Amino acid sequence: MNRRYAYRDYEILVSAQPAGSAPGWRPEICVIAPDDHWQFVPTHDSLVANDPQYCLEIGRRCAESAIQSMDVQRELAQYEGLWH
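Under the working numbering, the first residue of the sequence shown carries the number 608, and numbering increases by one thereafter.
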């Protein structure tokens with residue numbers, strides 16, 4: 608099962624794969640930058656979901672977090688909270 612999402616200027620590809628030795632599904636995540644550079648987003652082996660749809664949702668959220676980490680300057684420019 609695969610899904611493609613758009614987030615900011617990036618594309619996210621998430622695939623729900625059988626977890627192998629554990630029951631359930633694991634997300635495989637790829638992020639594609641606006642310049643067509645792509646990279647896989649690593650996930651911990653313990654990240655397993657019972658439902659493939661939920662697995663895709665978890666993968667999407669992990670990818671969005673990874674994109675935010677890659678684009679630190681944009682995150683800092685949008686931050687409106689208190690600086691410690």
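Accuracy of the hints is not assured; some may be wrong.
[Said to hold, decoys possible] Across the chosen pairs, the derived CB separations fall in these ranges:
#1 Q660 <-> C637: 14 to 22 Å
#2 S676 <-> S628: 26 to 34 Å
#3 P649 <-> Y612: 17 to 25 Å
#4 D652 <-> D616: 25 to 33 Å
#5 P630 <-> Q675: 16 to 24 Å
Note that these hints are calculated values from the structure, not bench results.
No experiment lies behind these values; they were computed from the predicted model shown.
Just so you know, even glycine gets a beta-carbon here, dropped at the ideal spot from N, CA and C.
Structure-based check of each hint:
1. Q660 <-> C637: 14 to 22 Å: holds, 19 Å
2. S676 <-> S628: 26 to 34 Å: holds, 30 Å
3. P649 <-> Y612: 17 to 25 Å: At 18 Å between Cβs, range holds.
4. D652 <-> D616: 25 to 33 Å: holds, 31 Å
5. P630 <-> Q675: 16 to 24 Å: Violated, since P630 and Q675 (Cβ atoms, about 31 Å apart) do not stay within the stated range.
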